[in-house]
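Throw the hints in and build the complete structure from the sequences for me.
As they're listed, the protein sequences go chains A and B. Under numbering that gives the first Met the number 0, the first sequence has 177 at position 178, and the numbering climbs by one with no breaks. Under numbering that gives the first Met the number 0, the second sequence has 32 at position 33, and the numbering climbs by one with no breaks.
Please keep in mind that the hints were generated in silico from the structure rather than gathered at the bench. If you're wondering where the values come from, they're calculated on a predicted model, not measured in any experiment. It cannot be assumed that every hint is accurate.
As the list claims (entries may be wrong) - Partial list, computed: chain B residues near chain A (C-beta under 7 Å):
(1) E34
(2) Y35
(3) L39
(4) G42
(5) H48
(6) F51
(7) Q54
Every residue, glycine too, gets a C-beta built ideally from N, C-alpha and C.
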Amino acid sequence: MKYLEEFQNPELARGLLEDIRATVTRPWALMEVCGGQTHTIIRHGIDQLLPDEVELIHGPGCPVCVTPLEVIDKALEIAGRPEVIFCSFGDMLRVPGTDRDLFRVRGEGGDVRVVYSPLDALRIARENPHREVVFFGIGFETTAPPNAMTVYQARKHGIENFSMLVSHVRVPPAIDAIMNSPDCRVQGFLAAGHVCSVMGTVEYPELAARHRVPIVVTGFEPLDILEGIRRTVRQLERGEHTVENAYERAVRPEGNPAARAMLEDVFEVTDRAWRGIGVIPQSGWRLAERYRDYDAEHRFDVGGITTLESELCRSGEVLQGLIKPHECEAFGTTCTPRNPLGATMVSTEGACAAYYLYRRLGTPVTPEAIPVG
Amino acid sequence: MCLAVPGRVLEIEERDGTRMAVMDFGGVVKDVCLEYLPDLEVGEYAIVHVGFALQRLDEESARRTLDLFAELGLLTEEFGDPWEAAAASGAGEEAAR
Numbered sequence: 000m001k002y003l004e005e006f007q008n009p010e011l012a013r014g015l016l017e018d019i020r021a022t023v024t025r026p027w028a029l030m031e032v033c034g035g036q037t038h039t040i041i042r043h044g045i046d047q048l049l050p051d052e053v054e055l056i057h058g059p060g061c062p063v064c065v066t067p068l069e070v071i072d073k074a075l076e077i078a079g080r081p082e083v084i085f086c087s088f089g090d091m092l093r094v095p096g097t098d099r100d101l102f103r104v105r106g107e108g109g110d111v112r113v114v115y116s117p118l119d120a121l122r123i124a125r126e127n128p129h130r131e132v133v134f135f136g137i138g139f140e141t142t143a144p145p146n147a148m149t150v151y152q153a154r155k156h157g158i159e160n161f162s163m164l165v166s167h168v169r170v171p172p173a174i175d176a177i178m179n180s181p182d183c184r185v186q187g188f189l190a191a192g193h194v195c196s197v198m199g200t201v202e203y204p205e206l207a208a209r210h211r212v213p214i215v216v217t218g219f220e221p222l223d224i225l226e227g228i229r230r231t232v233r234q235l236e237r238g239e240h241t242v243e244n245a246y247e248r249a250v251r252p253e254g255n256p257a258a259r260a261m262l263e264d265v266f267e268v269t270d271r272a273w274r275g276i277g278v279i280p281q282s283g284w285r286l287a288e289r290y291r292d293y294d295a296e297h298r299f300d301v302g303g304i305t306t307l308e309s310e311l312c313r314s315g316e317v318l319q320g321l322i323k324p325h326e327c328e329a330f331g332t333t334c335t336p337r338n339p340l341g342a343t344m345v346s347t348e349g350a351c352a353a354y355y356l357y358r359r360l361g362t363p364v365t366p367e368a369i370p371v372g
Numbered sequence: 000m001c002l003a004v005p006g007r008v009l010e011i012e013e014r015d016g017t018r019m020a021v022m023d024f025g026g027v028v029k030d031v032c033l034e035y036l037p038d039l040e041v042g043e044y045a046i047v048h049v050g051f052a053l054q055r056l057d058e059e060s061a062r063r064t065l066d067l068f069a070e071l072g073l074l075t076e077e078f079g080d081p082w083e084a085a086a087a088s089g090a091g092e093e094a095a096r
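As structure tokens, this is what we get:
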């Protein structure tokens, strides 16, 4: 427990940084997959504390950011119908569709409600048997099991006025797609800790071996990130490419078996478009055929909706680690959190928003800047 | 939304055949589904995401994470009023012009 007692300790942060400096002999580019990790990195200036040889590339791990414009427009269309109560997590309210957002739909009279849990949407369906209640089911492997359980319960309890607009995404195929890109510069991954809390680490050894890339499961606190970087750099310097778990307090190798079993029952793997990136094979979940009655796309005729992305917005390149947010011409000028062109700016977990909120270019950052818990 | 927050179990009950808990997140109290962690007991800590307990956590690391999240304002983001937050950020204004 000594390690935990020293958690959030600046001395420990300094030690980790010194160890990274002592280990690194040449340039390495690492990708943190999760938007929560990007947030921590930029908030605490971790990228600025690192030796010049270690570059952090921000990955596509913000579910709000990668939900396709087309799906947002379908949500807006469904939410605007008078018979519908549309339920969503709060961070989808401001995500721009082609010409409006859920906030605006509500202003125009749509019954849009924010829920904390998908089970709240099911309760609303029970309480409003003469309305159609639709839940916006987006998210990675952490969010998918709660949503799967909600559909399972809807069927178990015979709640027929409930459906879900499903656009779930899976991390491992995204890692595979990033590594397969001819422009890829990523040499090591900090894997998203809470995704692995559910899925475990079983999907990663094959990816690490095939792409010869170290994958280190990493938590969200500043010291977690530094430890993940330290282990990844150590592997790279030694020419290793294995899967390591640097977030053992929350991640077991098998993940959460009950949650994984429910995912397999309710969902089936499908190709999925990622906003700004395009279709990644096998990278998403949709409702399995036996749950098709609960699919909002099936219940409401929104199949004809197609969309065009903003030509000015380069969030797709940001999501793939090809450019940094401030390298986009629109960053901080025509695109700000108050007037976002793309979801990487509108979501607080998006890389562009993190840069906008926290980046103080020219301000030196020291280990003392890492908060003491 | 991708944030998962550590919480402590205050009470456990069966509701409509579903194992549910009342959990405390640094002062905010929420209902949490225990179907994915059915042997979690009163007083224990777990990582909770959108109302579901997903993995056990030891008390010390749970408390430290909660303190950090509170300091960063992430608990307000997770549990606060999103309509107010969206209004404050100017959502919809540009489209409405």
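Structure-based check of each hint:
1. E34: holds (6 Å)
2. Y35: holds (5 Å)
3. L39: violated (12 Å)
4. G42: violated (18 Å)
5. H48: Holds. Min distance 5 Å.
6. F51: holds (4 Å)
7. Q54: holds (4 Å)
The structure shown violates the earlier hints numbered 3, 4.
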